[in-house]
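Protein chains in written order, with the numbering used here: chain A, 1 to 115; chain B, 1001 to 1110.
Where hints are given, some of them may not hold.
Taking beta-carbon pairs under 8 Å as the criterion, some of the chain A residues facing chain B (in silico) [stated by the list, open to error]: (1) G42; (2) V53; (3) I55; (4) D56; (5) D57; (6) A72; (7) F74; (8) Q104; (9) F106; (10) G107; (11) P108.
The calculated SDA-like cross-link candidates involving lysine to any residue, where the alpha carbons are at most 20 Å apart (straight line), are [stated by the list, open to error]: (12) B/K1067 x A/G3; (13) B/K1042 x A/K68; (14) B/K1042 x A/H10; (15) B/K1042 x A/Q37; (16) B/K1056 x A/Q37; (17) A/K78 x A/Y102; (18) A/K24 x B/L1046; (19) B/K1042 x A/A100; (20) B/K1042 x A/E44; (21) B/K1042 x A/N71; (22) B/K1042 x A/S101; (23) A/K68 x B/Q1097; (24) A/K24 x B/S1030; (25) B/K1042 x A/S87; (26) B/K1067 x B/K1042; (27) B/K1056 x A/G3; (28) B/K1056 x A/E11; (29) B/K1067 x A/S87; (30) B/K1042 x A/N52; (31) B/K1056 x A/D57.
What follows is a list of derived Cβ distance ranges for each label pair [to be verified]: (32) A/R111 x B/N1053: 33 to 43 Å; (33) B/G1059 x A/G99: 39 to 49 Å; (34) A/Q17 x B/G1016: 25 to 35 Å; (35) B/D1058 x A/T98: 39 to 49 Å; (36) B/G1095 x A/S27: 19 to 29 Å; (37) B/P1110 x A/E14: 37 to 47 Å; (38) B/D1078 x A/E83: 42 to 52 Å.
Quick caveat, the hints were computed from the structure, so don't treat them as lab data.
All C-beta atoms, glycine included, are put in the ideal place defined by N, C-alpha and C.
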Amino acid sequence: DAGVIQSPRHEVTEMGQEVTLRCKPISGHNSLFWYRQTMMRGLELLIYFNNNVPIDDSGMPEDRFSAKMPNASFSTLKIQPSEPRDSAVYFCASSLVTGASYEQYFGPGTRLTVT
Amino acid sequence: QKEVEQNSGPLSVPEGAIASLNCTYSDRGSQSFFWYRQYSGKSPELIMSIYSNGDKEDGRFTAQLNKASQYVSLLIRDSQPSDSATYLCARRSTGNQFYFGTGTSLTVIP
């Protein structure tokens, strides 16, 4: 089975530009998570969806960040406008939450550099 | 984040030895705990999950959970150089949020 798929793997953009990160979860999984990882702050949960519905977006740093999950097989994380401090590795993870199992599986990540 | 505490290391052990990684947490309501391994430049990879007090073994890995003392540990037996990585501890809250520690860097010396 394919794992979590993310694109692009690397993104370099200039401050002020819009950035869209994409994620395809593992087929059959019902929860999707977006994380950001930096050396300073480690791995931080930004938002998570359950059955395509955003459940908790308290980790989204600012209104410049938005996320959508239009269907069970696709999600986007958008930053508009981007700033240099948004430079980080962004991970998407998916999980099949059954009440007895909550394991998350991570995608390869998107390394974002904002200059 | 202070909710999950890990010793950042680095922890160095000789090949063949037991590596012991520890994690403490502050939320007594936490129900589920996870250990991830992350190689430099790669994504976190799930190693173990543990949901109840006691030990859980999987190959060379043993996870230990003590909810009363609010700690979870990971033992790696017969450590190999390929085990050299950063190990992340995570807990799941009752609201299904996941909180990760900052990781412990492990180096296994041949």
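Checked hints:
A distance limit of 8 Å between C-beta atoms decides the matter here; for A/G42 the minimum to chain B is near 4 Å, and the interface restraint holds. At a threshold of 8 Å, the smallest CB-CB gap from A/V53 to chain B is about 12 Å, leaving the interface hint violated. The interface hint given for A/I55 is met, as the beta carbon of that residue sits about 7 Å from the closest beta carbon of chain B, less than 8 Å. A distance limit of 8 Å between C-beta atoms decides the matter here; for A/D56 the minimum to chain B is near 6 Å, and the interface restraint holds.
Taking 8 Å as the C-beta contact cut-off toward chain B, the hint placing A/D57 at the interface is violated, the least distance being around 11 Å. Checking A/A72 against chain B by beta carbon gives a least distance of about 17 Å; that is not within 8 Å, so the hint is violated. Of the supplied interface hints, the one on A/F74 is violated, with its beta-carbon coming no nearer than about 19 Å to a beta-carbon of chain B, more than 8 Å. The closest approach between the C-beta of A/Q104 and any C-beta of chain B is roughly 7 Å, which is under the 8 Å cut-off, so the hint is satisfied.
The interface hint given for A/F106 is met, as the beta carbon of that residue sits about 4 Å from the closest beta carbon of chain B, less than 8 Å. The restraint placing A/G107 at the interface with chain B holds, with a minimum CB-CB distance near 6 Å, inside the 8 Å limit. Given hint, A/P108 at the interface with chain B, holds; its Cβ is 5 Å from that chain's nearest Cβ, closer than 8 Å. Distance check on the hinted pair: B/K1067 and A/G3 sit about 32 Å apart at the alpha-carbon level, beyond 20 Å; violated.
A threshold of 20 Å between alpha carbons decides the hint, and for B/K1042 with A/K68 the separation of about 25 Å lies outside it, so the pair is violated. As the CA atoms of B/K1042 and A/H10 are separated by approximately 13 Å, the hinted pair is consistent with the 20 Å bound. Proximity of B/K1042 to A/Q37 is assessed by CA-CA distance (about 11 Å); at most 20 Å being required, the pair is judged to hold. Between B/K1056 and A/Q37, the direct Cα distance comes to roughly 28 Å. Violation of the 20 Å bound is thereby established for this hinted pair.
For the proposed pair A/K78 and A/Y102, the alpha carbon gap of about 26 Å is over 20 Å, so the pair is violated. With a C-alpha separation of about 18 Å, the suggested pair A/K24 and B/L1046 falls inside the 20 Å cut-off, and the hint holds. This hinted pair does not check out: B/K1042 and A/A100 have alpha carbons roughly 28 Å apart, beyond 20 Å. For the proposed pair B/K1042 and A/E44, the alpha carbon gap of about 16 Å is at most 20 Å, so the pair holds.
The suggested pairing of B/K1042 with A/N71 is violated, with an alpha-carbon distance near 27 Å, which exceeds 20 Å. For the given pair, B/K1042 sits about 24 Å from A/S101 by alpha-carbon distance, which is inconsistent with the 20 Å threshold. Our distance criterion of 20 Å between C-alpha atoms is met by A/K68 and B/Q1097, whose separation comes to about 18 Å. A distance of roughly 28 Å separates the Cα atoms of A/K24 and B/S1030; the hinted pair therefore is violated under the 20 Å criterion.
Taken as a hint, the B/K1042 and A/S87 pair is honoured in the structure, with Cα atoms around 16 Å apart against an allowance of 20 Å. For the given pair, B/K1067 sits about 31 Å from B/K1042 by alpha-carbon distance, which is inconsistent with the 20 Å threshold. The straight-line distance between the Cα atoms of B/K1056 and A/G3 is roughly 25 Å, outside the 20 Å bound, and the hint therefore fails. Of the supplied pair hints, the one linking B/K1056 and A/E11 is violated, its CA atoms being roughly 40 Å apart against a limit of 20 Å.
For the given pair, B/K1067 sits about 37 Å from A/S87 by alpha-carbon distance, which is inconsistent with the 20 Å threshold. With a C-alpha separation of about 27 Å, the suggested pair B/K1042 and A/N52 falls outside the 20 Å cut-off, and the hint is violated. For a cut-off of 20 Å, the pair hint linking B/K1056 to A/D57 is broken: about 33 Å separates their Cα positions. Between A/R111 and B/N1053 the CB atoms are about 39 Å apart, so this pair conforms to the stated range of 33 to 43 Å.
In this structure the hint that B/G1059 and A/G99 lie 39 to 49 Å apart at CB is violated, the actual value being about 27 Å. About 51 Å separates the C-beta atoms of A/Q17 and B/G1016, a value inconsistent with the hinted range of 25 to 35 Å. The supplied range of 39 to 49 Å is broken by B/D1058 and A/T98, whose beta-carbon atoms lie about 19 Å from each other. A hinted range of 19 to 29 Å holds for the C-beta pair B/G1095 and A/S27, which are about 26 Å apart.
Checked against the given bound of 37 to 47 Å, the beta carbons of B/P1110 and A/E14, roughly 45 Å apart, stay inside it. Hint check: B/D1078 to A/E83, Cβ distance near 47 Å, so the stated range 42 to 52 Å holds.
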